[in-house]
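Engineer: Chain residues, written in single-letter form:
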Amino acid sequence: MDIPRRQFDSLIIGAGGGGLRAALQLSNADASVAVVSKVFPTRSHTVAAQGGMNAALANVLPDNWHWHMFDTVKGSDYLGDQDAIEYMCRAAPKAVYELEHFGVPFSRLDNGRIYQRPFGGQSQNFGGDQAARTCAAADRTGHAILHSLYQQNIRAKTHFFDEYFAVDLLKDDEGYVLGALAFNIHNGEPVLIEAKTTLLATGGAGQIFRTTTNALINTGDGMAMALRAGVPLMDMEFFQFHPTGIAGRGMLITEGARGEGGYLVNADGERLMERYAPKAKDLASRDVVSRSIAIEVREGRGCGPNKDHVMLKLDHLGEDVIQKRLPGIRQTCITFLGIDPAEAPIPIFPTLHYTMGGIPTNRFGQVVVPVKDTPEEPVPGLYAAGECACVSVHGANRLGGNSLLDILVFGRAAANHIIDYLKENHHHRAMNDSSLESAVARMQRWDNNGSGDGETISDLRNELKTVMEEHCSVFRNDEVLGEGVTKVEQLVERFKNARISDHSDVFNTARVEALELENMMGVALATIESAYARKESRGAHSRTDYTERDDKNWMRHSLYSFEAGVDYKPVRTKPMSVDSFPPKARVY
Amino acid sequence: MKFRIYRYNPDTDAKPYVQEYELTDIEPGMMLLAALLQIKDTQDESLSFRRSCGEGVCGSDGMNINGINGLACITPLSDLKEPVDVRPLPGLPVIRDLIVDMDQFYQNYRDIKPYLIVNDPMPEVELPQTPEQRERLDGLYECILCACCSTQCPSFWWNPDKYLGPAALLQASRFIEDSRDQATEERLAHLEGPFKLFRCHTIMNCVQVCPKGLNPTKAINDIKKMMVKRSL
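Residue numbers (the working numbering), protein chains in the order written: chain A, 359 to 946; chain B, 11 to 242.
Bear in mind the hints are in silico, worked out from the structure with no lab data behind them. Computed from a prediction, not measured in an experiment: that's the story for all the values here. Among the hints, erroneous ones may be present.
[Claimed, not checked] Under the rule of at most 27 angstroms between Cα atoms (straight-line distance), these lysine-lysine pairs were calculated in the BS3-like manner:
| hint | chain 1 | residue 1 | chain 2 | residue 2 |
| --- | --- | --- | --- | --- |
| 1 | A | 893 | A | 845 |
| 2 | A | 682 | B | 228 |
| 3 | B | 123 | A | 452 |
| 4 | B | 235 | A | 515 |
[Claimed, not checked] With the Cβ distance kept under 10 angstroms, some of the chain B side facing chain A (calculated, not the full set):
| hint | residue |
| --- | --- |
| 5 | 60 |
| 6 | 66 |
| 7 | 84 |
| 8 | 109 |
| 9 | 116 |
| 10 | 125 |
| 11 | 152 |
Ideal Cβ placement from N, Cα and C applies to all residues, glycine included.
Just chain A, with the same shape it has in the complex:
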């Protein structure tokens, strides 16, 4: 197959906040950058982020980066890497100011500075009073950031491959990553993008679960590409359930709703979080609040005819505050529920929201893998940033407001490292044909798969999502996970005979969905295998058969690869410059 080749210094796969922040840094440094995205950039899932981005600006209440670091380490249930967390929290204020300079329309305080609101898991002075650390543009912060970053990339003349689907990474025999095979969704034409560096910024994989706040595009493409390139995925058992998804529907209601003073009530009208987090109450961290809601429902105190949800009460805040600070979620509630939160409470239930795990990187965005005795050897030419990556700054549980921060800080850091790499690597390395052949085969598999009796993509996808929801949810145990592993393995087998009936070259979404499902299968396997193996409860991973955190045996990162199954590596507990925060009981 004669495939057209394009050459760039740097390839970025994914055009959400992480990819666009990196692209901008590279374009500003006069590197030639190609951004490949399966959707037009402003359709990326960053657009849906609501509440805001953490940075210790101290615009509203006293704050400093070290307190932010403490909260993040504690929030991670001590699975976060403290060097990366220190780096991120130190870099946060600058990241916010840069965004503001790029044009982000942050909400403002009377003194003209950026508005900040309280969010869950935030404290002053290492566990003291509530902090107000989350910089917000009403409740549309992700939209404001993504559009501003895209706009700046227009100014910087970044080269976009919009609506191109990346199939696989290309490597040479020495293990250098040399770019990727992609195809133009509009006409099915393949293109081989050669690049000295490749940055994966493809976002999360929430679509492997049935009910999720995630966009339909969040299928873990970059994670699966990494897996297939021999890179293990890290800490995949840690998926965050957001406490306040609209019950049964999954639309996100920002944590900012509680930050502005909203609270949860059960069927008896009790403020349920007083029972579980006497001090922080509704602003305890997300894993704690989600579990609390699940327990309330399990013990029969749920609301509604089926007693299957609780209520988020906002009406006491008054229409003015709601319209000014939470206009987007107000609209969402009116559209999807016919309920105006200024007048009536919102039915909510924990909903799958965020992939804490991902492609292992160091704090420079380099993808790192174990090689012999070294747990973290960089893969030359390969980078990852954002939700698809695992630095790890979120460990076992991410704090609200830290994901936008993560994508911006590490998108930028990866670009800076790439700029240095390009200074020392002037030439493209020769392409290896064997890795190209397997990528082409993967793409062409769907062109002529006959009309046999293989199952459809949608049937397999629905079944996978159901299995993950039933076997890998808020509460887990050995039996349920074990069955889940078997079921996912069977689905992976059955997928080998799956077929599509649409073989058109023109905007073939059936083929895209087939390739996405293949990616979801790999990520789901990594997730449930890692969850099955981890015999403790930590952060978002709650086992009813191992209810305690076990630092002695389990304060370590999981690594899952197709070749070796589940393996482990140590947590980096040593920060860059300050003392490390040793594990303590987590009380809110």
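Take the given structure of chain A and dock chain B to it, following the hints.
Structural biologist: This is chain B only, laid out in the frame that chain A set:
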């Protein structure tokens, strides 16, 4: 519930046609996007449309629904008269089925220099902006580039390459109104002439269809007023 959906695949079809589908399993509160996904999953894998967030913030699934542009993901089926006519956004070339080629739309967006321009050195912290100055951006910055407005605008249908259309002009206003932006004069000068801005004839289809409840006509009129002031 019955649906009549515009179909066209240039690979196989000599011309577009309308295909009928029926769904029996309509849940209360179901949106049009869920119906389209159900048709694609259970009846016809080849039905093609864009979609992403499913909650009206990404702007992927703009389409013409019973004659009016809107986002499928936030259009309740209960609001729609049967059979539901679903067509691609009008005024842009169709790539396939409900998917249109949005190049011209994006080009018009890029034409207005949709980014903050500040000529002074940047401070080490944020540029100051009062809450009142920031409020002037409300109703402007929330645009999701779904193209529902521009592709419902007759002036855009006639001259998509000359008249910028409501979406691009709303963005022009977003930067003109931003107290931090220092390129107002260039922005206004760029909109001079009979077409880019002044082809707006205040038909106001844009206001009627904007799924985010924005008012591009008002933004356009505000720019027109500034242009008049400027020429005095």
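Engineer: Decide, hint by hint, whether the structure agrees.
Structural biologist: Now for the hints, and whether the structure bears them out:
1. Between residue 893/A and residue 845/A, the direct Cα distance comes to roughly 20 angstroms. Compliance with the 27 angstroms bound is thereby established for this hinted pair.
2. For the given pair, residue 682/A sits about 21 angstroms from residue 228/B by alpha-carbon distance, which is consistent with the 27 angstroms threshold.
3. Between residue 123/B and residue 452/A the alpha-carbon distance is near 25 angstroms, which keeps this suggested pair within the 27 angstroms criterion.
4. A hinted pair counts as satisfied when its Cα atoms are at most 27 angstroms apart, and residue 235/B with residue 515/A does not qualify at roughly 32 angstroms.
5. Taken as an interface hint, residue 60/B checks out: its beta carbon lies about 8 angstroms from the nearest beta carbon of chain A, inside 10 angstroms.
6. The criterion of a C-beta within 10 angstroms of any C-beta in chain A is met by residue 66/B, whose closest approach is roughly 7 angstroms, and the hint holds.
7. Hint status for residue 84/B relative to chain A: holds, with the closest Cβ pair at about 5 angstroms, below 10 angstroms.
8. Contact between residue 109/B and chain A, as hinted, is supported at the beta carbon level, the nearest pair being about 5 angstroms apart and thus within 10 angstroms.
9. For the restraint placing residue 116/B at the interface with chain A, the shortest Cβ-Cβ distance is roughly 8 angstroms, inside the 10 angstroms limit, so the hint holds.
10. Below 10 angstroms, beta-carbon pairs count as interface contacts, and residue 125/B has one with chain A at about 4 angstroms; its hint therefore holds.
11. Restraint check, residue 152/B versus chain A: the minimum CB separation of about 6 angstroms is within 10 angstroms; hint holds.
Figure legend: structure checked against the earlier numbered hints; the only hint not met is number 4.
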